[in-house]
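> These are the residues of each chain, in order.
Protein chains: 2
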Amino acid sequence: MSEEKEHSQIIYIGKKNTISYVLVAVTILNKSDECSIQARGRQISKAVDVAEITRRKFLADKVEVSKVEIGSEELQGNEENPITKTVSTVEIVLTKKE
Amino acid sequence: MSEEKEHSQIIYIGKKNTISYVLVAVTILNKSDECSIQARGRQISKAVDVAEITRRKFLADKVEVSKVEIGSEELQGNEENPITKTVSTVEIVLTKKE
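Chain order of the listed sequences is A and B.
Take the first sequence: its position 31, counted from the start at 1, is 120 in the working numbering, and no numbers get skipped.
Take the second sequence: its position 48, counted from the start at 1, is 137 in the working numbering, and no numbers get skipped.
Please keep in mind that the hints were generated in silico from the structure rather than gathered at the bench.
There may be inaccurate statements among the hints.
Any copy will do: because identical chains look the same in the list, a pair fits if it lies in one copy or spans two.
Below, in silico cross-link-like pairs of lysine to any residue (SDA-like), each with a Cα-Cα straight-line distance of 20 angstroms or less [what the hints assert, rightly or not]:
id, residue 1, residue 2
1, Lys174, Phe147
2, Lys104, Gln132
3, Lys104, Gly130
4, Lys186, Glu123
5, Lys146, Glu162
6, Lys156, Thr178
7, Lys104, Ile142
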């Protein structure tokens with residue numbers, strides 16, 4: 090099924106070290122063709138670092154950035170703080186070169 | 090000259106408030122068709138915020154993100170700290186819709 094390609098594995102960038110996510114990306118890309126790195130707010134800079142370090146140092150000349158997309162997402166407030174906040178998001182897709 | 094289009098005005102994201110850069114972007118886009126937002130390192134998240142706030146709040150439905158590119162840049166060390174560092178970079182281009 091060609092649809093299977095859409096289920097690329099996703100890495101959500103959080104508070105861990107950059108290198109932890111790089112290792113996850115490298116592991117995914119050793120098994121499959123594609124890996125999607127997603128982040129919001131302040132973690133966006135880290136997502137770009139993860140993509141760049143993976144592409145340049147660990148899998149040099151083997152993967153390329155096939156998509157970079159930015160957007161916004163609304164975060165619903167909770168009872169304590171009911172204000173809805175808008176945060177920026179990023180998705181970076183790394184794909185193996187043919 | 091069609092080449093003039095390439096000289097789109099560039100905003101380099103630094104340490105000022107997000108909203109200061111949004112206002113610069115809005116001012117540029119009121120006069121010309123295109124504006125390039127560039128940042129490196131930790132300022133990358135702010136660059137995405139600037140692009141998203143400009144696109145969604147200030148010039149809603151009038152501009153779109155026509156390009157997002159990530160890369161790396163080498164920063165030469167100085168005498169005190171001679172180590173060359175690599176930083177991630179981003180360029181986001183906002184273009185007026187036709």
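> At 20 angstroms max between alpha carbons, let me know whether Lys186 reaches Glu123 within a copy, between copies, both or neither.
Cα proximity of Lys186 and Glu123: one copy only (10 angstroms, versus 32 angstroms across).
> Reference check for the pair Lys104 and Gly130, CA-CA at most 20 angstroms: within, between, both, or neither?
both (12 angstroms within a copy, 16 angstroms between copies)
> Checking Lys156 and Thr178: alpha-carbon separation at most 20 angstroms within a copy, between copies, both or neither?
Answer is both: 14 angstroms inside a copy and 15 angstroms across each meet the 20 angstroms cutoff.
> 20 angstroms Cα cut-off: does Lys174 pair with Phe147 within a copy, between copies, both or neither?
For Lys174 and Phe147, the Cα distance is within 20 angstroms only across copies (17 angstroms; inside one copy 36 angstroms).
> Is the C-alpha distance from Lys104 to Gln132 at most 20 angstroms within one copy, between copies, in both cases, or in neither?
Classified as both: same-chain Cα gap 8 angstroms, cross-chain 17 angstroms, threshold 20 angstroms.
> Can you tell me if Lys146 and Glu162 fall within 20 angstroms by alpha carbon in one copy, between copies, both or neither?
between (31 angstroms within a copy, 14 angstroms between copies)
> How would you label the pair Lys104, Ile142 (within, between, both, or neither) given a Cα cut-off of 20 angstroms?
Intra 17 angstroms, inter 25 angstroms, cutoff 20 angstroms: intra-copy only.
Every hint from the earlier list agrees with this structure, and none is contradicted.
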